[in-house]
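My request is simple: use the sequences and hints to build the entire structure.
Here the protein sequences line up with chains R and V, keeping their order.
If you're matching positions, the first sequence starts at 91 in our numbering and goes up one per residue.
If you're matching positions, the second sequence starts at 91 in our numbering and goes up one per residue.
By construction, these hints were calculated from the structure, which means they are not laboratory data.
It is possible that some hints are incorrect.
Each computed SDA-like pair below joins lysine to any residue, with the alpha-carbon atoms no more than 25 Å apart [as the list claims (entries may be wrong)]:
#1 R:192 x V:275
#2 R:145 x V:109
#3 R:300 x V:94
#4 V:299 x R:189
#5 R:145 x V:275
#6 R:145 x V:299
#7 R:244 x R:224
Okay, the calculated beta carbon distance ranges per label pair [said to hold, decoys possible]:
#8 R:256 x V:244: 42 to 50 Å
#9 V:268 x R:188: 12 to 20 Å
#10 R:245 x V:275: 50 to 58 Å
#11 V:257 x R:260: 35 to 43 Å
#12 R:149 x V:300: 39 to 47 Å
#13 V:182 x R:124: 29 to 37 Å
#14 R:168 x V:95: 41 to 49 Å
#15 V:311 x R:149: 43 to 51 Å
#16 R:260 x V:97: 53 to 61 Å
#17 V:122 x R:179: 44 to 52 Å
#18 V:288 x R:94: 45 to 53 Å
#19 V:163 x R:179: 32 to 40 Å
#20 V:288 x R:268: 24 to 32 Å
#21 V:290 x R:188: 24 to 32 Å
Every residue gets a Cβ at the ideal spot worked out from N, C-alpha and C, and that includes glycine.
There are 2 protein chains.
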Amino acid sequence: MITKEAKQLEKNLRLNFNQPELLVTALTHRSMGANNNERLEFLGDSILGFVIAQKLYDAFPDASEGVLSRLRASLVNQDSLAGLARKHHIGDYLILGSGELKSGGFRRDSILSDALEAIIGALFRDQGIEACQTWILNLFAEKLTELTADNWKKDPKTQLQELMQSRGVDLPEYQLVTMSGLPHAQSFQITCRTRLIDEICTGTGASRKKAEQSAAEQMLLLLQREKI
Amino acid sequence: MITKEAKQLEKNLRLNFNQPELLVTALTHRSMGANNNERLEFLGDSILGFVIAQKLYDAFPDASEGVLSRLRASLVNQDSLAGLARKHHIGDYLILGSGELKSGGFRRDSILSDALEAIIGALFRDQGIEACQTWILNLFAEKLTELTADNWKKDPKTQLQELMQSRGVDLPEYQLVTMSGLPHAQSFQITCRTRLIDEICTGTGASRKKAEQSAAEQMLLLLQREKI
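Right, dumping it as structure tokens:
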């Protein structure tokens, strides 16, 4: 692996490691024992989050924090990372224990996605943050081009309502919990409840409508996080 | 604010902005309307996650990914960020809408913690990632010195058990869900359930014991995330 195969994977990934042993560690699943890719994955995950956040902040100067969060979650998730890993045939180079090998671990989304994050961590250790930025933005170039804030610009209540309709379930329910402050400076607290999840989300705002939007936004983020 | 007061806060924070208007935005709560600190907070949150991850990765070369995650969660959370914001009197400089002002928003943990993250985002926009790294590590210097991996080295099952005992509730229950693979390469799946939360966590491993540790680790992370 260290020699010919590592070189091939580096070529696939357009990388050139000074310390190729870092790449080997990044490809090593925990089923192989102690010297595995979990620590590098921890590091890579945080780098990926930062690089994509920075890119979205720059690319969408008018997008709210809620839109930026949703855009990032749409780019950086297990599905999308596993897809990128497959595109670059990372599965062929994974170093798996015999159990994982037999059960097809090299095809599993979670293992592929973790390995990709670990490769980012390894690249950071090898070449620093700027090399990571360049490589990550290149890796995501196609996805970033397709991305427009338009998809995310519909207000959260409309988005949530459309989601419920597409799933064929009852519309979300909003309920006023508290209302405080003087007439010209009121604060509303509203809960949002849907049939898709047991949790209740709460939003606050200077008007009932704003509080509802905020509650709907929380609910969208929750559903996205829970992959519902 | 832009002139004398901003200078004083910069002094408190040992910062020197080229574009002081970024600092003003970082202090502006959404209750003030459109040009608020939420986008900078989104950016700052991701930078903080990366800088602390990198530091912990370096400082604790023997810590597992689970330990690193717990160490980071213990450093970067709303309580700890609000505490740091208070230490530097950030509350005195917040720019809040009249409703938030009257209800004491400058004392609220969430508002203080968000403002601190936004200041990190503003510093990044003003001076780049290296300045952020230096400032963040200085900000967390005391907390980092106090931190030892020892507190986190107890295995997850022991930690979880001690947590249950300290809360005076029944011990966690572990249950075998599936067992697969050949005798020399088996994989176990175990669930962990506690009285503190309704959710069930699942762990897998090459032995029953390893799967239980993994399930306990998931449960610890969940309880930490949910602040239970």
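Hint check results:
no.: 1; hint: R:192 x V:275; verdict: holds (9 Å)
no.: 2; hint: R:145 x V:109; verdict: holds (20 Å)
no.: 3; hint: R:300 x V:94; verdict: violated (34 Å)
no.: 4; hint: V:299 x R:189; verdict: holds (17 Å)
no.: 5; hint: R:145 x V:275; verdict: violated (43 Å)
no.: 6; hint: R:145 x V:299; verdict: violated (43 Å)
no.: 7; hint: R:244 x R:224; verdict: violated (31 Å)
no.: 8; hint: R:256 x V:244: 42 to 50 Å; verdict: holds (46 Å)
no.: 9; hint: V:268 x R:188: 12 to 20 Å; verdict: holds (18 Å)
no.: 10; hint: R:245 x V:275: 50 to 58 Å; verdict: holds (52 Å)
no.: 11; hint: V:257 x R:260: 35 to 43 Å; verdict: holds (37 Å)
no.: 12; hint: R:149 x V:300: 39 to 47 Å; verdict: holds (43 Å)
no.: 13; hint: V:182 x R:124: 29 to 37 Å; verdict: violated (49 Å)
no.: 14; hint: R:168 x V:95: 41 to 49 Å; verdict: holds (46 Å)
no.: 15; hint: V:311 x R:149: 43 to 51 Å; verdict: violated (32 Å)
no.: 16; hint: R:260 x V:97: 53 to 61 Å; verdict: holds (55 Å)
no.: 17; hint: V:122 x R:179: 44 to 52 Å; verdict: holds (50 Å)
no.: 18; hint: V:288 x R:94: 45 to 53 Å; verdict: holds (52 Å)
no.: 19; hint: V:163 x R:179: 32 to 40 Å; verdict: holds (35 Å)
no.: 20; hint: V:288 x R:268: 24 to 32 Å; verdict: holds (25 Å)
no.: 21; hint: V:290 x R:188: 24 to 32 Å; verdict: holds (29 Å)
In the structure shown, a violation is registered for the earlier hints numbered 3, 5, 6, 7, 13, 15, in ascending order.
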